[in-house]
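> Each chain, letter by letter, is given below.
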Amino acid sequence: MPHVRTQIRDAVVAALTGLTTTGARVHGAYARPKGAAALPMLVVGLGPEEVEQGAQRTQSRQAELLVSGYAKATDNLDDTLETLLAEVESAAAAAGTLGGLVPGGLVLRRIDKDFSTDLDQPAGVIEIAFTAGYHTRAGQPGAII
Amino acid sequence: MPRFAAAMNRVNTAVQQHLANATALFDGGIGVDVLFSNAPRDAFNLVAGTVPIAQAPTPALDFVRAGDALRIDGIAYTVAERNDDAGMTTLILEAA
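Sequence lines, in order, name chains A and B.
No gaps in the numbering here: position 68 of the first sequence is 62 in this note's numbering, and each next residue is one more.
No gaps in the numbering here: position 23 of the second sequence is 20 in this note's numbering, and each next residue is one more.
Derived from the structure by calculation, the hints contain no laboratory data.
Please note that a few of the clues may not be correct.
[Claimed, not checked] Computed from the model, here is a short list of chain B residues facing chain A with C-beta under 8 Å:
#1 ALA3
#2 MET5
#3 ARG7
#4 VAL8
#5 ASN9
#6 ASP39
#7 ALA40
#8 PHE41
#9 LEU43
#10 THR47
#11 GLY84
Virtual Cβ for every residue (Gly too), placed ideally from N, Cα, C.
Here chain B stands alone, though its shape is the one from the complex:
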């Protein structure tokens, strides 16, 4: 891993350890500490709402794909989208 990418991963992981507020449990019993929240989103460009998201450093969520099932705080979700940016991965979730 290039030096900058390694440094970014260390920073992301350290930040994540402080901010994680939930554990996402994936099939196979894999648990990943995530920052779980509701992010603003809109439909038809005019109807505002929110969607649940889970964020963690990309290496921790490398195995996750759209359509995967997971549970957070006992609630079942499906991964609707996965967005990778600057070493962090955001999973946009749908209630299953």
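Chain A extracted, bound-state conformation:
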């Protein structure tokens, strides 16, 4: 069984697939650079994770889930990124516990934006960081408890 982290990532990809602005352009793993036809897009990944050891070999985990929205446009780039943010926040809330994987749901922690004028059109990224808390037993990272 895949690690719960992987299950969370896949569940988030599923929850974010079909949003108005990004549609099916949601990637759960490293993606190659995408051109205008494949943008805007979302990339979902899990980052650092804190693990607290509990009684009876239980582990309480807090993983950072990062959803990055990418867009490239001559006009309204900032508006597009803000729209991605609104859609992702709403979908993350609607996803609830991700089928029980994250009992407390995804908790929004940080939002950041960056822009690049290096290309033929301005490009931007909005990073939306959540905390995903879940519980496992030591040595059994593929099963939630």
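Got chain A sorted already, so can you dock chain B onto it with the hints?
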């Protein structure tokens, strides 16, 4: 100039004379025949795009520095970067 470098410059110049498709006009009225094209580049490692570039043998572009202004086909650019390699210089341009 060492023999190999001189030979490389002759080859680069000959190739350039056949491939040049534009003239870059720098301040002071200096014109340099260049190979003008769009090169692939990405931002944030994930967003693909292109940037305009101008290439010519390094001796022809020795005077050019980042920040210099030029015009190609009537469009104003600024030199964002200059890369020298194997006797050829590539200027990465930004629309001014």
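> Indicate, hint by hint, whether the structure satisfies it.
Okay, the hints, checked on the actual structure:
no. : hint  : in the structure
1   : ALA3  : 36 Å, violated
2   : MET5  : 30 Å, violated
3   : ARG7  : 34 Å, violated
4   : VAL8  : 32 Å, violated
5   : ASN9  : 27 Å, violated
6   : ASP39 : 4 Å, holds
7   : ALA40 : 4 Å, holds
8   : PHE41 : 5 Å, holds
9   : LEU43 : 5 Å, holds
10  : THR47 : 5 Å, holds
11  : GLY84 : 26 Å, violated
Taken one by one, the earlier hints fail for this structure at numbers 1, 2, 3, 4, 5, 11, listed in ascending order.
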